[in-house]
Amino acid sequence: MSLNVESKSVATQMSNLELAQLLAEKTTISSYDWHKLKNDRQAQALQQLTSSLVYLLNDQPEEALLRINQAQGWLNRSIKPLPCPTHGHKKTH
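Position one of the sequence shown corresponds to residue 133 (the working numbering), numbered consecutively onward.
Mixed in with the good hints, there may be bad ones.
[Said to hold, decoys possible] Straight-line distance between alpha carbons at most 27 Å, and here's what the computed BS3-like set of lysine-lysine pairs gives: (1) Lys158 x Lys212; (2) Lys168 x Lys212; (3) Lys170 x Lys158; (4) Lys212 x Lys170; (5) Lys158 x Lys168.
It is worth saying that the hints were derived from the structure and are not from the lab. None of these values were measured; they are calculated from a predicted model.
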C-alpha cells in the first residue's frame, strides 16, 4: 500500500508524534463500537500498540511497554475481554 502524493506531503509535514497520535485516535475503540469489537483480538492489540507508540514518542517507555504487553496478551489469548463498561456491576443494598 503506497500513499498518494498529497498524503505523502501531509505526512512529511507532521511530526512522528502527531502521526502516532492520529493513528492512535483512528484505532481507538469507541464506546459505540465496544460491543462489536470487544472480542476482536486484532483490533484490541492494534489499539494497544498504537497507543504504545504515542507513549514511546513522549519518552514514557514504561507506559509504552505496558501497552505492548497488553497487545501481546490479546494476540496470544492470555487476556480476556472485560465486561461492558456501560452496564457496570449490580448494586447490592
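Results of checking the hints against the structure:
1. Lys158 x Lys212: holds (23 Å)
2. Lys168 x Lys212: holds (15 Å)
3. Lys170 x Lys158: Distance ~16 Å between Lys170 and Lys158 Cα, so the pair holds.
4. Lys212 x Lys170: holds (9 Å)
5. Lys158 x Lys168: Roughly 16 Å between the alpha carbons, so the hint for Lys158 and Lys168 holds.
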